[in-house]
Amino acid sequence: MADKKDPIQTPLTDEQRRKVLMGMAAMPAMMMPGMALAQAAQFPTAKVNTTKLAVTDTEVVVGQLHSATGTMAISETGSIQAEQLAIDQINAMGGVLGRKIRVIKEDGASDWPTFAEKSKKLLVQDKVACVFGCWTSASRKAVLPIFEKENGMLYYPTFYEGLEQSKNVIYTGQEATQQILYGLDWAAKEKKAKTFFLVGSDYIWPRTSMKIARKHIESVAKLGKVAGEEYYPLGHTNFNSLINKIKLAKPDCIFAAVVGGSNVAFYKQLKAAGITADKQFLLTISVTEDEVLGIGGENIAGFYSSMKYFQSLDNANNKAFVEAFKKAYGPKSVIGDVTQAGYLGPWIWKATVEKAGSFDVDKIAAASGGIELKTAPEGYVKVHDNHHLWSKARIGQAQLDGQFKVVAESPELIEPNPFPKGYQ
Amino acid sequence: MDSIKSWLARSGMGSVLILALIIVVVFPLTMDLFRLNLVGKYLTYAFVAVGLVMLWGYGGVLSLGQGVFFGLGGYMMAMFMKLEASDPETTKIQSTPGIPDFMDWNQITELPLWWEPFRHLPLALLAVLLVPTVLAFIISFAMFRRRVGGVYFAIITQAVCLILTVLIVGQQGYTGGVNGITDLKTILGWDTRTDEAKYILYFLNAGLLIAAILLCRWIQLSKLGTLLLAMRDKEDRVRFSGYDVSMFKVFAFCLAAMLSAIGGAMFVLQVGFMSPSLVGIVPSIEMVIFAAVGGRMSLVGAVYGALLVNFGKTYFSESFPDLWLFLMAALFIGVVLAFPNGLAGLYESHVKPRLGKRKDKPASGANSTPSSDVPPAIPLHSGASHGGKPLARTALPDGVQGTSA
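In order, the protein sequence lines correspond to chains A and B. FYI, the numbering used here numbers position 49 of the first sequence as 50, with every residue one higher than the one before it. FYI, the numbering used here numbers position 171 of the second sequence as 186, with every residue one higher than the one before it.
Bear in mind the hints are in silico, worked out from the structure with no lab data behind them. Remember, predicted model here, so these are calculated numbers, not experimental data. The C-beta atom is built at its ideal place from N, Cα and C for all residues, glycine as well. One or more hints might be untrue.
[Said to hold, decoys possible] Stretch by stretch, here's where chain B covers chain A in the computed footprint (C-beta under 8 Å, at least three residues):
# : segment
1 : 120–132
2 : 141–149
3 : 197–208
[Said to hold, decoys possible] The calculated PhoX-like cross-link candidates involving lysine-lysine, where the alpha carbons are at most 20 Å apart (straight line), are:
#  : chain 1 : residue 1 : chain 2 : residue 2
4  : A       : Lys106    : B       : Lys328
5  : A       : Lys150    : B       : Lys200
6  : A       : Lys216    : A       : Lys422
7  : A       : Lys216    : A       : Lys195
8  : B       : Lys56     : A       : Lys150
9  : A       : Lys193    : A       : Lys248
10 : B       : Lys107    : A       : Lys422
11 : A       : Lys212    : A       : Lys422
12 : A       : Lys150    : B       : Lys213
13 : A       : Lys364    : A       : Lys128
14 : A       : Lys226    : A       : Lys248
15 : A       : Lys226    : A       : Lys193
16 : A       : Lys364    : A       : Lys53
17 : A       : Lys168    : B       : Lys200
18 : A       : Lys128    : A       : Lys150
19 : A       : Lys251    : A       : Lys192
20 : A       : Lys190    : A       : Lys216
21 : B       : Lys107    : A       : Lys168
[Stated by the list, open to error] Partner residues are not named here, just some residues of chain A that face chain B (Cβ under 10 Å, in silico):
#  : residue
22 : Ala69
23 : Trp113
24 : Pro234
25 : Thr238
Using the sequences and the hints given, assemble the complete structure.
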């Protein structure tokens, strides 16, 4: 992992170059089998697996639990692909502790009881070393008691509302404060926003996010005032009354957390009502490149999004990642914030296993705090003792082609704080 | 000995006994705890399917909203367990300790009054049984009094499903919203997540299900059951005979609702959470499919239907994660096309005649051929009154005659 030689310089055949490229950190391909064997011998199975996980001398089994079918499939596909890509790359580099990763895929089918059933199956029956999965908060809440009871390890990729911390989960997305506070401060400073109109879909993540935003605007940072706060049911597609309220309130900033299919209607209707980027400043925390595919670049161009990752990030790690991703899933595929966070999961797990010298969940949980990843596409990341990631916040401006132009970036990594004091 | 045999055959107890043996003896002996727990979950859906046999198969009233009652029963149970899991000690990081976590996230600082009864187990259990039943009574009384029936009633039950889902999702501060009520652990300090508890809950669930089947069977064999059938086939004729038809339908609907609610409560105990995804239209229709696959005239068949469909779901989705939805669809279409009366119909038309032939001599009294002694008051070609097409003759007269459960 530490080896950061440029892979292009190593004289290799095309096939090998591809593998190495995919492996990101270069390690000559011909050495791999020998290295792997030596490594496996150095870490005998009896030592690295004392809790009867599905780990043999040559193989370690992990689970992947996302919705491949149902309403959430469109969102979760990116995570499925990114996790698979990371696992393929790790295997091409020789695996983890000399063992190849084998994935057991289960379909949560956008149905929370199914998520619970499948997670139990993965942990109890397949005895997987860890699980990469879940997307919505509801699915995570459904499986959490099972992971805690059966002592499994879940790598959860989505930005979420916080208010949770578990020994058995590593949150590779950002919790609410990491995404919101920097964005609001930036809006106040750069865009001189004094009045904010909060709008979101009606479920736990937007509600909690807006609660934090309101506290930040009104009492913590004293940025100005909240001109309105509105919620609409998931799947809601008629925003005319909202648009009227916005027109009346004339806020400096619309702060949006509208999710899923509602997004498409929301931005199209804003545009139709003449609320476009040249007249109105809008900052969203729920639109990534994946959502823009559905919304259409022309409907959202000029608006801003607060995320930790954009596909257009200009660094060597990200370029290699984007290239590998497009090679694997087609030149038209796009990479959103959650997709990148999903990609981090297997790499963080690998680094943790190697640090702990063991696959045992207790040891992984204990070793996770302080794990660093220098090769992350979003840049350097570190795991906090509270199992969330230190990460930067970035503001991107939506472009006509569906990409984002990064216009601001927090200077330092932001500390994850799932239970923020003063925001409750 | 012969009298026992004849009683078994007449009351349909044989098939109930076989089912009981399979659920209580065969499954626990052949499956590990994980699979057994899954079967336990499937069997909670069987409560709904059994209720639908009474309501749809016997009463002739199709409800596409049984998820409402399953969900309500589950929510009542989940509310009790959530309050127990939210003692001030474990929730001390919240702004308001001692209330469920999702209330705290939604800036609610006090437990709503209507949650208070769920601090007490007896009240919670009573609510599991009564709240869905009372709601069912209100809905069905209002509808059937006005003689709203058939398709219109089915549509209304769908609307109720939708209303309840929207209500639960919208009032997330009080209900947990889309996430539902999660992280349920104990009942009166008894941890429901241990291996031992899982076995106990499985057998409790199985016992309740058998009891429910026996209760329904008893109703079927009583005069009430005959009236339900008669009403299904010629409603006006029963009405003109002086019976209050609407109240019989109300009764069937309430019975099905109460059974569903018991299933919902058992679901929560075994799975450990409740969410609006179990209330909505899709799960409600799935529950009708369980009954249809099993055979809507057969109580035992409904249980097999719930088991088969859910086994299929689990097996297909584990083995073919990419294709499984197509395989499930093929299973539904296949079963409905090939055996319009479900698995029970298959048994009646293919298996039973052969068994009958072999046993004909020694137990002729018990196993006389089905259609010969149908009470004359009930029309044979009764299938025509619902679904449009006359159904295969074998299943219906058997149901009428009461030789199968």
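If any of the earlier hints don't hold here, list their numbers in rising order.
-> Of the numbered hints given earlier, the structure breaks just one, which is hint 25.
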